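Colleague: One letter stands for each residue in the lines below.
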Amino acid sequence: MTLSARKQQLLEDFELLENWEEKYDYLIELGMDLPEMPPELKTDLNLVRGCQSSVWFDIRCEDHKIIFDADSDSLIVKGIVAVVNQLFNEQPAEDVLKADLSFFEEVGLWQHLSAQRGNGLLAMIAHLKKAATDCLSD
Amino acid sequence: MAKDIRTARQDFPILQRVVNDRPLVYLDNAATTQKPQSVIDTLTDYYTRYNANIHRGNYNLAIEATNAYEFARAKVAAYINAKETHEVIFTRGATESINLVAYSYGDAFVKEGDEIIVTQLEHHSNYVPWKLLCDRKKAHFKVVPFDENGDLDLEVYRSLLSERTRLVAVNHISNSLGTINPVAEMIKLAHDAGAVVLVDAAQSVQHIQHDVRALDADFYAFSGHKMYAPMGVGVLYGKEHLLEAMPPFLSGGEMIDVVSPESISYNVLPYKFEAGTPYVPGPIGLSAAIDYLKLFDEEALHAYEDELLAYGLAKLSEVPGLKIYGNPKRRSSILPFNIEGVQHYDLGILLDARGIAVRTGQHCTQPIMDALGIPGTVRASLALYSTHEDIDKLVEGIHRVLKLLRR
Numbered sequence: 179m180t181l182s183a184r185k186q187q188l189l190e191d192f193e194l195l196e197n198w199e200e201k202y203d204y205l206i207e208l209g210m211d212l213p214e215m216p217p218e219l220k221t222d223l224n225l226v227r228g229c230q231s232s233v234w235f236d237i238r239c240e241d242h243k244i245i246f247d248a249d250s251d252s253l254i255v256k257g258i259v260a261v262v263n264q265l266f267n268e269q270p271a272e273d274v275l276k277a278d279l280s281f282f283e284e285v286g287l288w289q290h291l292s293a294q295r296g297n298g299l300l301a302m303i304a305h306l307k308k309a310a311t312d313c314l315s316d
Numbered sequence: 012m013a014k015d016i017r018t019a020r021q022d023f024p025i026l027q028r029v030v031n032d033r034p035l036v037y038l039d040n041a042a043t044t045q046k047p048q049s050v051i052d053t054l055t056d057y058y059t060r061y062n063a064n065i066h067r068g069n070y071n072l073a074i075e076a077t078n079a080y081e082f083a084r085a086k087v088a089a090y091i092n093a094k095e096t097h098e099v100i101f102t103r104g105a106t107e108s109i110n111l112v113a114y115s116y117g118d119a120f121v122k123e124g125d126e127i128i129v130t131q132l133e134h135h136s137n138y139v140p141w142k143l144l145c146d147r148k149k150a151h152f153k154v155v156p157f158d159e160n161g162d163l164d165l166e167v168y169r170s171l172l173s174e175r176t177r178l179v180a181v182n183h184i185s186n187s188l189g190t191i192n193p194v195a196e197m198i199k200l201a202h203d204a205g206a207v208v209l210v211d212a213a214q215s216v217q218h219i220q221h222d223v224r225a226l227d228a229d230f231y232a233f234s235g236h237k238m239y240a241p242m243g244v245g246v247l248y249g250k251e252h253l254l255e256a257m258p259p260f261l262s263g264g265e266m267i268d269v270v271s272p273e274s275i276s277y278n279v280l281p282y283k284f285e286a287g288t289p290y291v292p293g294p295i296g297l298s299a300a301i302d303y304l305k306l307f308d309e310e311a312l313h314a315y316e317d318e319l320l321a322y323g324l325a326k327l328s329e330v331p332g333l334k335i336y337g338n339p340k341r342r343s344s345i346l347p348f349n350i351e352g353v354q355h356y357d358l359g360i361l362l363d364a365r366g367i368a369v370r371t372g373q374h375c376t377q378p379i380m381d382a383l384g385i386p387g388t389v390r391a392s393l394a395l396y397s398t399h400e401d402i403d404k405l406v407e408g409i410h411r412v413l414k415l416l417r418r
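Line by line, the protein sequences are chains A and B.
So the first sequence is residues 179 to 316, counted in my numbering.
So the second sequence is residues 12 to 418, counted in my numbering.
Keep in mind the hints are simulated off the structure, nothing from the lab.
These numbers come from a predicted model, not from an experiment.
For glycine and all other residues, C-beta sits at the position ideal for the given N, C-alpha and C.
Away from chain A, derived, C-beta distances all over 10 Å, residues of chain B:
1. GLN21
2. ASN62
3. ALA89
4. ASP164
5. LEU165
6. ASP222
7. ALA225
8. LYS250
9. LEU333
10. PRO378
11. GLY384
12. GLU400
Some chain A residues near chain B, calculated using beta-carbon distances under 10 Å:
13. TRP198
14. GLU199
15. LYS201
16. TYR202
17. ASP203
18. GLU207
19. MET210
20. GLN230
21. SER231
22. SER232
23. SER250
24. ASP251
25. SER252
26. VAL255
Heads up, simulated DSS-like pairs for lysine-lysine below, C-alpha to C-alpha not over 27 Å straight-line:
27. B/LYS149 - B/LYS122
28. A/LYS201 - B/LYS404
29. B/LYS142 - B/LYS122
30. B/LYS199 - B/LYS148
31. B/LYS148 - B/LYS250
32. A/LYS201 - B/LYS414
Let the sequences and hints guide you as you build the complete structure.
Modeller: Right under this line is the structure:
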């Protein structure tokens, strides 16, 4: 699926959800479907610091594409990781770099999640974009 | 006749709010309390009727503003039972009050090889300024640990005190665990060793004893916003002879007497420590908050808050897998906990989705979290308008959230 098709799918899913409890419930569900990250990849080096939760990203660059495993100790943050996974995993580094964050705004997550330092969403995106830059310069 | 505590809630308009489709349950009072209508009206009245710069204008508005500001100082001084009104310095908050002492008193009187004692129960605001002072002065930074109940180890405290101890910094109530520390006893021991004591009263001034002379505190710091007053006003109380001996912290207008290229002399207390235009409506709002608090019988208020805390501890303990942190000899207003297998952030976010506001994380007390070996806690904290229903909704919310998280 292309990035825009993935976006569309997620948007449609989120549109069905009426309140925050349902959105979080869905995020948790998405997180549970996230492919398991091998424990040996959960190193300090791969730790993205959020204030209240830990997120691990192991990012590789193959064929100018960004490929990653990720996980979090928080179920909600893991759900956000799953959204990030659906949007960006195995995507061309160039697209990851260009990706705007309007998606999160459209599903109503951005305003809610970006203001809180606790979930590390901003740090996650910054982390991915840095990896994408490195990937392109290799 | 004293006001009935059960009528307090209706004085706080924000508590009528609906958040995420549910009536707000506000349980983050250790972070900041809400404001009664009388405090809100006081701020509006100030800006509507008599906003002016204080101490200098010779016109009616300036005189009214100055009188209200200085009247607020007298009100605060009486509330904490200071001997002199000019022992009350207005600051931006407890953090600034503590920094004022760490820089002014610390830089003037702490020397290489001296020792500063803090406790493991301190908020970063009463920990970091002293650590930085020790680093600046090559002084030694000593920390009194707490035991498995969350009580300070007074044996260690006694053993740390010596003629090298220059200052002890301790909070009256821990913002993370709610432990009420035996500060009167600690102050006596410190004085016997020749040290001065700063009490961080940010969590205590609104809940328990707040008599600086009964405690014999040398410095006493707190914020207005945690005691129903506006954000941005704080207080530093200091004994007159200590404040007199201290150099200014910030410099500029208001704090000077004579200024020339050759020399500068300082204004008298308290103005020596209030450089620049202060946040005038802040102290005036704090004065209104004290008026509000005085509507209640203080003993009845404390008894109500104690009973509510006990109720909260009992109800939360019934939740399977829930662990409450600390079991101190005396605790006030703070309910710190985690639930087995549940990340604190998840619990906080999902409670918020149900209109319940609690704090999650480290609460600016990393040394406590490190000692407990946990990344953070959920913290519910009470105020005078908190009710049994708030606790019931919290517990009900937790049960509902656990169903979402444990599927």
